[in-house]
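Chains as they are written, first to last, in the numbering used here: chain Y, -12 to 294; chain B, 139 to 454; chain D, 45 to 467.
Read the hints as simulated data drawn from the structure, not as lab findings. We put the beta carbon where it would ideally sit given N, CA and C, even for glycine. Just so you know, not all the hints are guaranteed correct.
These stretches of chain D come out as covered by chain Y in the derived footprint (C-beta under 8 Å, 3 or more residues) [as the list claims (entries may be wrong)]:
(1) 150 to 157
(2) 170 to 182
Derived list of chain Y stretches under chain D, where covered just means 3 residues or more per stretch with a C-beta under 8 Å from a C-beta of chain D [unchecked claim]:
(3) 34 to 43
(4) 155 to 161
(5) 194 to 202
(6) 213 to 227
One-letter residues, chain by chain:
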Amino acid sequence: MSDATLTRERPIAVAPAHTATGWFRNPWRKPRFLQAVTIGYLAWSILPVIIAIVFSFNNGRSRSTWQGFSLRWWYQDPFDSVWHDPALRTAMFQTLRLSTLTVLLAVPLGTAFAIGIDRWHGRPASTANFFMLFSFVMPEIILGVSLFLLFTNLLESAVRLGTTAQFLGLVTFQMSYPVIIVRARLLSIGPEYEEAAMDLGAPPSQSLRRVLLPLLGPAILASAALVFADSVDDFVTVRYLSGPASSEPLSVKIYSAARASPTPAVNAAATIMLITTLGAIALAWFVFRRITRNRGEAVSAAGLAEF
Amino acid sequence: MASGSQTVTRPGRRGRRDARERSGVSYPRWYWPSFTFPGILWLAVLFILPFYVVLSVAFGTVDPLFRLPLPVYQPWWWSLDTFQTTLEKFTSGDRIYLDPLIRTLVYVGLSSLICLVLGYSVAYYTARYAGRWRWLILVLLISPFWISYLMRIYAWQSLLQPDGYVNDALGVVGVTPIIWIGRPITVVLGLVYGYIPFMILPLFGFLDRIDQHLLEAGRDLGAGSFQTFRRVTLPLSKPGIIAGLVIVSLPMFGDYFTNNLLGSTSTSMYGNLIDSAVGQAGQGPEAGSLVLILIVLVMIPMLYYLRSTRRSTEAA
Amino acid sequence: MSAHPRQRPSALSRRDFLRRSLGVAVALPSAAAILAACSKPGTTSSGGATTGTGARVLARPDDPVTLPMTQDPIPTDTPIEGGTLNVYNWDAYMYKKTLKAFEDEYGVTVEWTTFNNMEEGIQKLVAGQVEADVFFPTTDYIARLVEADLMQPLNHELIPNLAANCWPVFNDPGPYYDLGWRYSVPYTIYTTGVAYRRDRIDDAAAAAKGYELFFDPAFKDEVSYYDSYRDAIGMMLLRDGVTDANSSDPAAIGKAKDAILDMINGNGARLTINGTYAKLPEGEFSVSESWSGDIVGAKYYLPKGTPEDVLGYWYPEDKRGLVGNDTIVIPKAAPKPRLAHEFLNFFLDKHWGYQNFADWNGYQPPFTSIVPDKLVSDGVVPSTLASAVLDEKNFTTGYLQGELSADTDALWLDAWNEIQAGG
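Chain Y extracted, bound-state conformation (with noise of 0.2 Å):
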């Protein structure tokens, strides 16, 4: 690996390794600072989630004193804990449904489109393609303001505001990512070998089905994690094209709460959604090593790149 301490001819002039100079002059050590940078980047970044998460476990109101420990905000409270709480268990089942049918559409066109634009060439397809990738850049304040604004006015007999709703506003801001990184993979893999299926005879459609399709088979994976990773998570969208509170996901009770009386319940249905998720991610982890139980190393290694 990159690290290894090699003992190798230096440079003329440079001084032996155990003077401290010597150490500081050393090209391959490892850098210090940038060690306690990262390691303290992550704790940054996880450590917030790590205090929510036990904040939920909080016997009192608060989530920012901890006041003993409690299972009471996860099923003890009658009114108020998860179990309980009608509310927060419609936003975490309304979390899911949503998730779950993005995925199912998103993938599968962002698929299909990221293989017809490799082999289409000519402007419309770049104007295709640009109207993929500014949806994807695009700010989803714009997204969830045009979106609300079409199915309130031009489409309002057509669309409730609701579950269908943001559905289609879902799918419309994730398609994206499953082009790009089919995209990506596809632009790695190369026409080899379907050049090679052709020309053993396979039509068309075989050629992809037994193929293209596997090749692919991780970066369709790791875009069906990250687009229901994404779905789980994603607030803009859904706040402005969600109807009735049965439609609301739990990431706009979340943000509700935050603005409102938050209480720890809301931690502990943030901490079973991540769990979701993660499981979701685990679920996407092990068929993939299973896909490419039998595979060779190169292939793997480079789907496992892009997952």
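Fit chains B and D to the supplied structure of chain Y, relying on the hints for placement.
Structure of chains B and D alone, referenced to chain Y:
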């Protein structure tokens, strides 16, 4: 490797004459493009069409009773009055919208810069020096992607309360409790916290692929550690840096919820202007106008970025 | 520019707008818009809606309004529906235990949809995006909802509790915005004053300062003000001595706006909605604009070990301050109107309405059975918050906020816009 010159014809298969020379595999002309049609149709209805509705609302009017927005779909009856008034709120009179715009530019610029410096350091370390901890660090780096952004900012909100742990920790070294919520620095750091994963992962991908041997070559030619970095690593990672900056800064322009959770009206951003206009009676056309202006503001760097990447790939 | 941009003639006549917004079947909504808009904007067909609500009289306490009956109320012998009742309300505004009692008594379930502010609630209701059986508007929207034909008149025989339990001012002749209570029943009444921490300022000093507490540098960064334009600007108008809480005077509104900006930028005030009931008890704020119900209900948010008497509330001694009430109405398209009537009657019941208030809300219902002194002696309201209790006199001396004309509303919203943009 199969080359285009080997033609093995089979009877009864699809016509191979078409596009044989062009792509090296023989499919009918519209086979591949047809894969994009569902996606294009979807985008057309749910991405392009809403923009037209935004135009119709921005150049439309309001109903007389509840002052909800009434879009006008015929371009020949579009009225630019509200749009003009909205622009004027940036440029003339009290310039009430100018401050939020400038604040947004400053916050986004500052946050992107911090994301770059911090993200590059972390990505560099992970790619080059992490050794056997590499996979663990990668997993931890990816974790923000599947932990809800809202939960993370919400967690910070709890920590930054006057009686929260941040002030407690500062109290240990003797600092009096600081009011964090509502300060610009809190909003900037919140933005960094939320968006930095989008910087780290592309950068890591790029840095990871830099050939070790190039760096060794630099050493062999006598370059010091910093010189190698400056003249080999940095230029090689430039596309990654630009990509990271684009992915991080453009979405930030529309951010409003970070400010809502960690800031106050004196740190309001452009996204807050849109969000409050959408909710207020009689302000539908204004909201539409603000969205239009934002689209233009974001499209320009986006077009520039696409242009430059296309040019660089063509040159390569 | 002579006319305000929002005063432009609409492209559709009001009738067409209503048709669209009520979702009455048209082939394509865009077709209706296109057909109707084939005439040049500004040339409306009948009953030109050029000045919007100009033709209608705005209800005021000294100019009460009887709303027209748009249809007959549901017959008294309509059977009570089962199933789910859809309540469209602010968040956490009704006690879950009382709701459960309602569910148990009628064998139904209650589904709760929330809106974060009145504008959002109206927007979604008017656009038909939410199907509600009961709705909780503020009084200034009732006339407009009736004009847009979005509400149904109430059958008084099905709601006997109003005449039996409520203050006469809401019953006969009825509130000024709805004489004869044709469409609405009152839900809660409240005053708007200044809440403060009694452990940081004593009562006498607070009473001496009154509205100036928001500007006191001793409380820098510890001030909260309502993120709601009527309450925010209204209180500053009072501070300036403008007694018209529905003022259309641009100078007065400008002064109020400047005062709020001064509060925010100079004294670190923050605009919140939960500042009083959640943050003041926790100690994050020392002074906050407060509805009386918020401060009474704040005791449930006190951290363990903090005594109730740490909360204080100031309201003008002569009871000349902001006062108001919320209402419950039944939308016209309510799927279960009979059950909705039962719901209204239930919460006007002496026992259930009281439980909702005493054990949860803090917002007093206008019941004759509630005696202010008894509230204090029963411990429902701590004696330190006695100024937060209302009696009927409040509605004669206080300043009520009613509907604003489109022009005036635009003035207020423009000022609010500037405040929200950071000034």
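Here is how each hint holds up against the structure:
With 3 residues bearing a CB less than 8 Å from a CB of chain Y, the segment 150 to 157 of chain D meets the requirement of three and the coverage assertion stands. Coverage of a stretch by a chain is defined here by at least three residues with a beta carbon nearer than 8 Å to that chain's beta carbons; for the segment 170 to 182 of chain D and chain Y the count is 5, and the condition holds. Counting residues of the segment 34 to 43 of chain Y whose C-beta lies closer than 8 Å to any C-beta of chain D gives 0; at least three are required, and the coverage claim is violated. Judged by the Cβ-Cβ criterion of 8 Å, the segment 155 to 161 of chain Y is not covered by chain D as claimed, because only 0 of its residues qualify and three are needed.
With a cut-off of 8 Å between beta carbons, the segment 194 to 202 of chain Y has 0 residues touching chain D; three or more are needed, and the interface restraint is violated. Closer than 8 Å: that is the beta-carbon criterion, and the segment 213 to 227 of chain Y has 0 residues meeting it against chain D, so the requirement of 3 is violated.
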